[in-house]
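There are 2 protein chains.
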Amino acid sequence: MLRRSTIVAGLLVLVLGPASAQTSTAKAVGEIQFLEEFGTMWTFDAPPLAYWKATYDFAPDQAWLDHVRLASVRLPNCSSSFVSADGLVLTNHHCARSCISAVSPADTNYQETGFVAQTRAEEKACPNLWVDQLLSIEDVTDDVRAAITADAPARQVAQRDSITTVLEEACSADTGDHCQVVRFYQGGMYSLYRYHRFSDVRLVMAPEEHISFFGGDPDNFTYPRFDLDFTLLRVYQDGEPRPTEHYFPWSDHGADEGELVFVTGNPGSTGRLLTMAQMEYLRDADYPARLKSYQARLGVLRELAAESDEAARQYQNQIFGLENAHKAVSGYLRGLDDPEIMSRKASFESDFRDRIAADPELQARYGDAWDRIAEAQGELGDIAPLVRHYRFAGSQLFTMAGGLVRLPQQRALPDSLRLSQYRGEGMERIAGYVMGEVSIDPAMEKMTLAATLTAAQAELPADDPFLAALLQGRSPEVAAEALIDGTRLADQSYRALLFEGGTEAVNASDDPLLAAALTVEPLARAVADRAAELNAVISANAELVGQAIFSAYGTSLPPDATFTLRISDGVVKRYPMNGTVAPPVTNFYGLYARAAAFGHEPPWQLPERWLERRDLLDLETPLNFVSTNDIIGGNSGSPVINRNAEVVGLIFDGNIEQLPNRFIFTNEVSRSVSVHSAGIMEALRKIYDAAHLADELTGTTVTGSR
Amino acid sequence: MLRRSTIVAGLLVLVLGPASAQTSTAKAVGEIQFLEEFGTMWTFDAPPLAYWKATYDFAPDQAWLDHVRLASVRLPNCSSSFVSADGLVLTNHHCARSCISAVSPADTNYQETGFVAQTRAEEKACPNLWVDQLLSIEDVTDDVRAAITADAPARQVAQRDSITTVLEEACSADTGDHCQVVRFYQGGMYSLYRYHRFSDVRLVMAPEEHISFFGGDPDNFTYPRFDLDFTLLRVYQDGEPRPTEHYFPWSDHGADEGELVFVTGNPGSTGRLLTMAQMEYLRDADYPARLKSYQARLGVLRELAAESDEAARQYQNQIFGLENAHKAVSGYLRGLDDPEIMSRKASFESDFRDRIAADPELQARYGDAWDRIAEAQGELGDIAPLVRHYRFAGSQLFTMAGGLVRLPQQRALPDSLRLSQYRGEGMERIAGYVMGEVSIDPAMEKMTLAATLTAAQAELPADDPFLAALLQGRSPEVAAEALIDGTRLADQSYRALLFEGGTEAVNASDDPLLAAALTVEPLARAVADRAAELNAVISANAELVGQAIFSAYGTSLPPDATFTLRISDGVVKRYPMNGTVAPPVTNFYGLYARAAAFGHEPPWQLPERWLERRDLLDLETPLNFVSTNDIIGGNSGSPVINRNAEVVGLIFDGNIEQLPNRFIFTNEVSRSVSVHSAGIMEALRKIYDAAHLADELTGTTVTGSR
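First to last, the sequence lines map onto chains A and B.
Converting from the first sequence to this note's numbering requires adding 81 to each position, the first position being numbered 1.
Converting from the second sequence to this note's numbering requires adding 81 to each position, the first position being numbered 1.
Extracted from the complex, chain A is given alone in its bound form (with noise of 0.2 Å):
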């Protein structure tokens, strides 16, 4: 393991010198180590320059940060790169899933096909994405800081998002760009990020989705792994390629082993920052009641798929989605039940909490906020089983129920006093929904409501409310079919003319699902009017929490991620698995081996394409890679670069054993998964015919020249 907190602790006086406020925390709570344990998700505004000097001997200037950042593009839910002078952006294929299906023709389908556009005018525009490159940062904590006066939790909360709606709208006004306010170190700093978004991309290249999600959902989040994840864009202005100084150009052969890489892109959340009572309720109740969620759906889908060949092809996706979702959680959950990672974290509480408290004036700013938060999380986890069973869940036409019940209620409110999920665009999100066409399958509607019903039931008391309104006294089994068979509520104009009639309408109705939902309404709103409440005074607590930890660190701490731009360093490593060892990377061999190692059947198969060109590729090949750099969810289709930022691989995936690094940075055996550069170029010009894109990539066309 990299071990960093010597060397960042050498940095605490730099960092902490220009800011006096700062400097006072410093001094109270000392040299603290434990540094590396929060990873190397940094901000551009604050890279760890003397750290990168002292452990790779890389010092770069302002300008190769400019030109990495600029060149690092993200998109609607991924990350992304320009790879070349005329806009080519490089992402995973799963991140252009949806271009790849809107713009396939009626008679085929480019998920299944693969699509290369051999001439610019074959490549086709993608509705809907958009790719945002960040121009500028600018910290404006002391502007959102002023504008939070007030002392309700709740209050604070909404001032909050005012400021930063102001401060988003004066900066969108005065540039014409996107500007977000980014909340770092849950609330101790803030930035404006301005962005300029691109908003004509089009599809120029995709491998067929069998080889770039080989493995499908069994290997996902595993290693070794063989898949082509990347798709290419690109980004058109006035109906021309956009010309960029800022991309990265092809590594001739990628990056050796031990070799320094960095990764440029967007993590979309980690809770490094958490307290022991938040990592304690979510690993007690939390995560528990997801996976025991997710297992009873299982349950549900695996016995409707296992009733014919139809069944199994119509539910697998569900299926498997679910099981990666556990997959997923489950390895969360791994971390927070391993001892030695939460003594880790237990010690760095204690410790930092200790040196908070020696000094009065700290204390009185920060020594409590632990404690609330504790205590607030301790009542959601006693209120948790209503939260969680207090909801329209179960049943299609059960939340549509819900929602006819409430859509009059709410919208008779001022939008700050809406449920959540009715404020904003929420509330005509929801109408749409409920008045919208919906193919409803009773078997499945009642299966699933009665298994619902059974989870509460387990859970809640005899004599609960919401049970005794669904249930009258029936098993879950009995009453789901009599509340599926019973409502009208699957008839779309029988839905309108409710819509329509509003609260009176509903009240009127005799249709025993909305009985139910007008019954179930006020109690599962004062449930979520009281989660809301609690999780405003964590949120508040944790953003003290945050002030603390910043004011005494600094961004010589990286924040947790944002989905905003990060870049991390690392190696290209091996390491121990299985009793033996990880490589470093795979190749095209391992692919065919591991695709003739099941037979070749779902979803170890390939296109036909790949078995039939087989001799035309050099096996030895690297196709996929391990790195020690930190990444997670949001990071899909970031660039691998090396130290001259040229592209060495592409982010698609993490290993198993990375799950646990949401709460806490690791890497012995935590690695992250990239392609790698020279597999796609082997792809580009042996499999797909796409010379002419590998030569744009290597920059041996001459700019602008197709």
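What the hints contain is simulated information worked out from the structure, not anything from laboratory work.
Possibly wrong hints are sitting among the right ones.
To be verified - Estimated spans, in silico, between C-beta atoms of each pair:
1) B:L372 x A:E460: 40 to 50 Å
2) A:S350 x B:P420: 26 to 36 Å
3) B:P420 x A:N405: 23 to 33 Å
4) A:D452 x B:Q444: 52 to 62 Å
5) B:Q240 x A:R425: 54 to 64 Å
6) B:D696 x A:G517: 53 to 63 Å
7) A:D419 x B:N405: 19 to 29 Å
8) B:A187 x A:R425: 51 to 61 Å
9) A:G680 x B:A228: 50 to 60 Å
10) A:N405 x B:D419: 19 to 29 Å
11) B:T781 x A:T200: 50 to 60 Å
12) A:A577 x B:D337: 56 to 66 Å
13) A:S350 x B:N405: 36 to 46 Å
Every residue gets a Cβ at the ideal spot worked out from N, C-alpha and C, and that includes glycine.
Given the coordinates of chain A, assemble chain B onto it according to the supplied hints.
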């Protein structure tokens, strides 16, 4: 997991029916579930026919069983089988290592180059290698029991040894065969095994070690694997290949996933009948101490290896060997540390003891055995640090000093009163070692002796007499340096002088290492004597436990492994691993994949011939596969056969998840690892120009034609 419990419970009555003593116990203990955890290492005199019929619809007749028994032959430390009518024997490459080295000409090493006899004349006689064919099994429990009349446990052990020798010698005298009394169920049952020994065994074909042990020690005990770990030998008689009708024909295409396969071979040792106290001793005292000792020795070796490339090469094998021992013991310990495994073990034991206690007669006979074992294990645990450290260990010179002190003393005693290692041929072996040539590496001697003394210092009290004798107030490093520099025992002629001079010469010597050995000897002997007494108590009571369990279950419960022939049923089957699925088979693609993924660096380099002939191979050909058969060390070289008694594979390892099976059999993720029959065939024909052997195996040559 195969649930055998209900079926076996049904068998209970059948099995126990005939024997009246057993029936009474069986009635008392009633129907106990948990049987599947005792595994599937069946003896040939008690095949579980009803269970096979019910589980696989497979009902072999006695001729099938006899044929399979006679075709499955034993090597001195491994298993093997006849695979042609001309006496060809299939086993693992690692089982024939010493022969392959021994028959190599002066200028070459068949371990590195591989070897193929192109004609029978080229087949090379292996020194010290023989093949044992099991001819008959006879129950001699009554004879053994009748001979054990003493009350003292140590005396019982001596009586048992004595009757065993009598029975074996009588059998050998009668038949001219090799006979062995085998103790099953810790003494619950004794059988006389009679073998025909073939002593003329010749090397026919061996691949290179780099392919037979591809991945080396890192990959050992793991899967997916890519090892061609096979060798062909041939049994000769009177200078001619020994024809046999009892051989396994080669399967056309191997076994499909899900197919029933049998492993017939000689598992060495398991501990599934151990009591909780015995397992807790291993868990809390024995295994942790072993791991610590491996670590200490590894520390020394790694320090030595770091000094130069030559040193690295010199110590590499020892380091790998220790790492592998560490891996194995860690795996066993993982089983004992698994709360679920231990609670299943505890449930079985407490349930079984309750049932014994319910019958006064059984209680009187067996009831105390568990407690007596626990007491003895407790004391053994208390003196374990003395047992561990009061030894002539850590230095070859010190070991020889101990021998010089002990040899004259022990020689003066009758054999039965000697320390166990000096009994029988032990005396001469030790004398040979002490008087023989040894190459002494003084730097290593000092380091390992210092490490041994440091380890002793950490566990023994400050005033310990052993430490006092060796350290004499010095640090371990200083003491070791002084002792090794000061001793003359590296001089073989000086040792000869002392040996010839006996106790008098030893006492008169002023050699410092000898002086230390003289002080240590009585301490070490006292501790060894007490440990032997305690082990005799454990052994005698373990025999009672074995009798109790055997009298309840009879042979419906397979006995612990005894390095005698067993037949284990299982199926070829993938398993969950690393968040995804390990495939049922691997293939040649995977071999080349793993070599390339590590840049062809050792131990993942391929023999030249494998690189040159790659294009001749069908790379999809299966190379290794996994199955749920129950195996352990000693099973190496066992054939894997289908229900037609055709060879589909060759056991060579287990996966790392199988290591805990030493104590409890599970097959959720534990797997046996075999070379696939098709992989052997492909390599013989395409890599080794050994079509004549391939043809002999597939029966396409006329018997005796070459």
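Do the hints match the structure? See the list:
{"no.": "1", "hint": "B:L372 x A:E460: 40 to 50 Å", "verdict": "holds (46 Å)"}
{"no.": "2", "hint": "A:S350 x B:P420: 26 to 36 Å", "verdict": "holds (33 Å)"}
{"no.": "3", "hint": "B:P420 x A:N405: 23 to 33 Å", "verdict": "holds (28 Å)"}
{"no.": "4", "hint": "A:D452 x B:Q444: 52 to 62 Å", "verdict": "holds (58 Å)"}
{"no.": "5", "hint": "B:Q240 x A:R425: 54 to 64 Å", "verdict": "holds (59 Å)"}
{"no.": "6", "hint": "B:D696 x A:G517: 53 to 63 Å", "verdict": "holds (59 Å)"}
{"no.": "7", "hint": "A:D419 x B:N405: 19 to 29 Å", "verdict": "holds (27 Å)"}
{"no.": "8", "hint": "B:A187 x A:R425: 51 to 61 Å", "verdict": "holds (59 Å)"}
{"no.": "9", "hint": "A:G680 x B:A228: 50 to 60 Å", "verdict": "holds (58 Å)"}
{"no.": "10", "hint": "A:N405 x B:D419: 19 to 29 Å", "verdict": "holds (27 Å)"}
{"no.": "11", "hint": "B:T781 x A:T200: 50 to 60 Å", "verdict": "holds (58 Å)"}
{"no.": "12", "hint": "A:A577 x B:D337: 56 to 66 Å", "verdict": "holds (57 Å)"}
{"no.": "13", "hint": "A:S350 x B:N405: 36 to 46 Å", "verdict": "holds (42 Å)"}
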